[in-house]
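With the sequences and hints as input, model every part of the structure.
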Amino acid sequence: MEKRSILHMLDPMPNNSPFDVNMALDAGFDVLMPYSNVKLDSVYGLTQDAIFSRGPAGVKRTGLFIGGRDLGLAMDMLNASRQAMVPPFEISVFTDPSGAFTTAAALVACVEKELKTRHGKELKDCKALVFGGTGPVGIATGVIASLAGAKTALVDHLSSDTAEDVAKAYNRRFAATLTGACARSDAEKVELLKDADIVFCTAKAGIQVLSAAVLKDTTRLKVAGDVNAVPPLGIEGIKLNDLGEPLLHAVSAPGAVGVGALAVGNVKYRLQHTMLRMMLETDHPLYLDFRAAFDKAREIV
Amino acid sequence: MEKPFILHMLTTAKNLSPFDVNMALDAGWVTALPYINVEPSEVQGLVQDAIFSRSTKNLKKTGIFIGGRDTKQAMDMLKTAKRSMVPPFEVSVFADPSGAFTTAAGMVAAVEHELITKFNTTLEGKNILALGGTGPVGQVAAVIAAQAGANVRIIGRQLEKAQNVADLCNNEFGDGKIAITAGADADKSEYIKTADVVFATGAAGIELLSAELVAIASQLKVAADVNAVPPAGIAGVDAFHNGTPIEGSPSGALGIGALAIGNIKYQAQNLLLKSMLNAEKPIFLHFEHAFSVARDYIKTKA
Chain D
3 MEKRSILHML DPMPNNSPFD VNMALDAGFD VLMPYSNVKL DSVYGLTQDA
53 IFSRGPAGVK RTGLFIGGRD LGLAMDMLNA SRQAMVPPFE ISVFTDPSGA
103 FTTAAALVAC VEKELKTRHG KELKDCKALV FGGTGPVGIA TGVIASLAGA
153 KTALVDHLSS DTAEDVAKAY NRRFAATLTG ACARSDAEKV ELLKDADIVF
203 CTAKAGIQVL SAAVLKDTTR LKVAGDVNAV PPLGIEGIKL NDLGEPLLHA
253 VSAPGAVGVG ALAVGNVKYR LQHTMLRMML ETDHPLYLDF RAAFDKAREI
303 V
Chain L
9 MEKPFILHML TTAKNLSPFD VNMALDAGWV TALPYINVEP SEVQGLVQDA
59 IFSRSTKNLK KTGIFIGGRD TKQAMDMLKT AKRSMVPPFE VSVFADPSGA
109 FTTAAGMVAA VEHELITKFN TTLEGKNILA LGGTGPVGQV AAVIAAQAGA
159 NVRIIGRQLE KAQNVADLCN NEFGDGKIAI TAGADADKSE YIKTADVVFA
209 TGAAGIELLS AELVAIASQL KVAADVNAVP PAGIAGVDAF HNGTPIEGSP
259 SGALGIGALA IGNIKYQAQN LLLKSMLNAE KPIFLHFEHA FSVARDYIKT
309 KA
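Line by line, the protein sequences give chains D and L.
Under the working numbering, the very last position in the first sequence is 303; numbers go up by exactly one each time.
Under the working numbering, the very last position in the second sequence is 310; numbers go up by exactly one each time.
Keep in mind the hints are simulated off the structure, nothing from the lab.
Incorrect hints may appear among the rest.
Unchecked claim - Listed below are several chain L residues computed to face chain D (Cβ distance under 10 Å; list not exhaustive):
hint: 1; residue: M9
hint: 2; residue: L18
hint: 3; residue: V29
hint: 4; residue: L33
hint: 5; residue: N45
hint: 6; residue: P48
hint: 7; residue: S49
hint: 8; residue: A58
hint: 9; residue: Q155
hint: 10; residue: K201
hint: 11; residue: Q227
Said to hold, decoys possible - Within a straight-line C-alpha distance of at most 25 Å, the following computed DSS-like cross-link-like pairs (lysine-lysine) qualify:
hint: 12; chain 1: D; residue 1: K5; chain 2: L; residue 2: K11
hint: 13; chain 1: D; residue 1: K129; chain 2: D; residue 2: K115
hint: 14; chain 1: L; residue 1: K90; chain 2: L; residue 2: K22
hint: 15; chain 1: D; residue 1: K196; chain 2: D; residue 2: K206
hint: 16; chain 1: D; residue 1: K206; chain 2: L; residue 2: K90
hint: 17; chain 1: L; residue 1: K196; chain 2: L; residue 2: K169
hint: 18; chain 1: L; residue 1: K22; chain 2: D; residue 2: K41
hint: 19; chain 1: L; residue 1: K126; chain 2: L; residue 2: K307
hint: 20; chain 1: D; residue 1: K115; chain 2: D; residue 2: K153
As the list claims (entries may be wrong) - Residues of chain D placed beyond 10 Å of chain L at every Cβ, according to the derived structure:
hint: 21; residue: S38
hint: 22; residue: Q50
hint: 23; residue: G74
hint: 24; residue: P90
hint: 25; residue: E92
hint: 26; residue: T181
hint: 27; residue: A189
hint: 28; residue: H251
hint: 29; residue: G267
hint: 30; residue: D285
Think of the CB as a built atom: it goes at the ideal place given N, C-alpha and C, for glycine as much as any other residue.
Below, the structure written as structure tokens:
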């Protein structure tokens with residue numbers, strides 16, 4: 003009898019996300035086991051318990067998923083589990099805290115595609131702003147965009163110190179070149195947008211970040227992507243399913259287009275599904291983080 | 009590939025009940041995942057994570073179970089869950105904290121069955137004493153019986169607490185449409201004289217109705233006890249009784265014990281869990297639905 007596939011779901015939080023549970027089962031894992039309140043220093047032991055109990059054939063049917071809310075911690079956990087592997091006893095590991103890696107990868111990949119097809123530009127030619135830039139999806143978006151060559155600033159809605167601290171911390175960790183900025187008012191947003199080619203909108207659900215009045219004054223904006231699916235949407239005038247539709251209110255920015263939350267969500271969904279399938283189908287162990295997510299998202303779009 | 013049936017099981021306690029886990033898997037849910045120590049404020053987030061990660065077709069194969077220990081909290085969480093749905097992204101939800109909803113439903117349905125078949129009457133207008141009625145099972149049994157037209161009095165050791173529970177039942181669970189009253193344990197020798205039905209839902213091993221009180225219960229028809237651990241909650245009613253005459257009852261009252269109630273509880277919980285499996289429209293299940301299926305089950309069995 004072929005062994006059932008098992009996904010061990012490690013989470014530093016009290017509970018896993020039902021989102022990830024549904025995704026993992028729909029991708030074909032037979033059995034999911036939740037491990038909650040997991041601390042970084044338990045990951046090594048948990049990983050070795052998972053790899054030494056199923057034999058070389060069984061480990062191919064075994065995976066580790068790392069959730070949580072903290073990107074840095076999730077990456078540390080991924081590294082800790084990787085160090086615990088003892089070939090040929092090794093399993094695939096996928097980390098996607100708060101779904102941030104797959105959401106961010108999908109967002110940047112969608113925006114990159116529109117940039118190319120509508121404006122003939124690459125990310126490395128552009129300056130990007132990440133609104134809601136100090137939350138999980140914002141940070142992951144910023145890191146991916148920065149590593150892809152865009153001059154990227156994380157924008158906080160309260161404090162430039164917060165934004166700069168976060169930018170520095172993630173620059174150290176991933177050798178990115180993020181900067182920090184703050185936009186408390188429409189006037190500050192207009193100022194920031196003066197030389198921005200790209201806007202990523204990753205603020206909280208139900209918060210409008212860019213109003214028609216702010217958009218009206220932008221001149222360089224080329225593509226704006228939004229992950230907020232709860233009205234009011236992050237960018238005024240954008241529609242949930244927009245994928246390269248003109249931004250209605252950006253009247254002074256010729257050819258500016260938008261990518262809506264459901265368009266991004268659709269790619270995110272396919273991306274997370276694909277990555278979970280990869281863990282089941284691979285012959286050699288995979289270590290999947292935001293970089294793998296972005297590579298795959300680029301293929302999907 | 010056919011997608012599996014997934015039940016997300018939320019509890020405010022630090023563990024799920026293995027009872028509910030077994031019941032869910034035996035009812036046909038392929039996978040049951042625990043979410044523990046859930047705060048009521050986290051319900052919306054968990055529900056929306058569950059509904060936004062499957063297609064509407066596969067959401068019919070997705071459900072949420074709400075456990076815990078507190079009846080009011082479970083009903084509030086059920087309401088929050090219902091409000092968190094974003095049609096067409098929605099799933100069925102079933103609340104049964106401590107199994108209290110299905111246990112209470114099983115008890116009241118069993119009592120009603122004896123009234124109908126042995127006494128040719130119904131719950132309508134009957135005087136019911138809910139002894140040890142301040143706990144989860146007692147509260148819900150009182151509400152179900154009151155909704156069926158009975159005059160229910162919740163008896164507790166402290167009158168004030170019993171009164172608070174009666175108010176909670178009337179306002180929160182009965183929507184202000186029922187009028188459960190309260191009484192002190194010290195006065196039950198008075199109340200028992202006019203009681204038609206007794207529910208015993210106290211802690212295990214405590215005798216709530218003595219042989220002396222059974223002897224003066226001159227219009228008692230049915231007495232039901234959920235306690236399976238000796239001594240029995242009602243003198244003369246043991247766990248195996250199922251419409252069995254109670255020794256020493258001047259009115260020929262019948263006893264219903266924990267195993268008979270447990271059997272109906274089991275069937276009701278199983279039926280509700282199954283009804284969620286392929287519901288065309290999402291359903292939101294609590295004690296009223298538990299009573300409805302418990303009644304149907306007894307009818308079809310009889």
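Evaluation of the provided hints:
1. For M9(L), the shortest C-beta to C-beta distance to chain D is roughly 7 Å, which falls under 10 Å, so the interface hint holds.
2. Look at L18(L): its Cβ gets to within about 9 Å of chain D, closer than 10 Å, so that hint holds up.
3. At a threshold of 10 Å, the smallest CB-CB gap from V29(L) to chain D is about 13 Å, leaving the interface hint violated.
4. Among the interface hints, the one on L33(L) is violated; its C-beta lies about 12 Å from the nearest C-beta in chain D, farther than the 10 Å criterion.
5. Taking 10 Å as the C-beta cut-off, the interface hint given for N45(L) holds, the closest approach to chain D being about 5 Å.
6. Hint status for P48(L): violated, given a least beta-carbon distance of 14 Å to chain D, over 10 Å.
7. At about 13 Å, the closest approach between the beta carbon of S49(L) and any beta carbon in chain D exceeds 10 Å, and the interface hint on this residue is violated.
8. Annotation: A58(L) was flagged as interfacial toward chain D, and the flag holds, the nearest CB pair being 4 Å apart, inside 10 Å.
9. Among the interface hints, the one on Q155(L) is violated; its C-beta lies about 33 Å from the nearest C-beta in chain D, farther than the 10 Å criterion.
10. Look at K201(L): its Cβ only gets to about 52 Å from chain D, farther than 10 Å, so that hint breaks.
11. A hinted interface residue such as Q227(L) counts as satisfied when its beta carbon comes closer than 10 Å to some beta carbon of chain D; here the least separation is about 52 Å, so the hint is violated.
12. Under the criterion of a C-alpha separation no larger than 25 Å, the hint pairing K5(D) with K11(L) is consistent with the structure, at around 19 Å.
13. With a CA separation close to 16 Å, the supplied pair K129(D) and K115(D) stays within the 25 Å bound.
14. Taking the CA atoms of K90(L) and K22(L), the gap is about 24 Å. The hint holds against a cut of 25 Å.
15. Note on K196(D) and K206(D): the hinted pairing holds, with a Cα-Cα distance of about 24 Å set against a maximum of 25 Å.
16. Taking the CA atoms of K206(D) and K90(L), the gap is about 22 Å. The hint holds against a cut of 25 Å.
17. As the CA atoms of K196(L) and K169(L) are separated by approximately 16 Å, the hinted pair is consistent with the 25 Å bound.
18. With a CA separation close to 18 Å, the supplied pair K22(L) and K41(D) stays within the 25 Å bound.
19. Annotation: proposed proximity of K126(L) to K307(L) holds, straight-line Cα distance about 14 Å (limit 25 Å).
20. Taken as a hint, the K115(D) and K153(D) pair is honoured in the structure, with Cα atoms around 17 Å apart against an allowance of 25 Å.
21. Separation of S38(D) from chain L is inadequate, the least Cβ-Cβ distance of about 7 Å not exceeding the 10 Å criterion.
22. Once the 10 Å rule is applied to beta carbons, Q50(D) is consistent with being away from chain L; the minimum gap is 24 Å.
23. The beta carbon of G74(D) is kept farther than 10 Å from every beta carbon of chain L, the shortest such distance being approximately 22 Å.
24. The beta carbon of P90(D) is kept farther than 10 Å from every beta carbon of chain L, the shortest such distance being approximately 29 Å.
25. No beta-carbon of chain L comes within 10 Å of the beta-carbon of E92(D); the shortest separation is about 26 Å.
26. Interface exclusion of T181(D) from chain L stands, the closest Cβ pair being 32 Å apart, more than 10 Å.
27. The claim that A189(D) is not at the interface with chain L holds, since no C-beta of that chain comes within 10 Å of its own (minimum 34 Å).
28. Look at H251(D): its CB is around 27 Å from the nearest CB on chain L, clear of 10 Å, so calling it non-interface holds up.
29. Interface exclusion of G267(D) from chain L breaks down, the closest Cβ pair being 8 Å apart, not more than 10 Å.
30. No beta-carbon of chain L comes within 10 Å of the beta-carbon of D285(D); the shortest separation is about 21 Å.
Checked against the numbered hints given earlier, the structure breaks hints 3, 4, 6, 7, 9, 10, 11, 21, 29 and satisfies all the rest.
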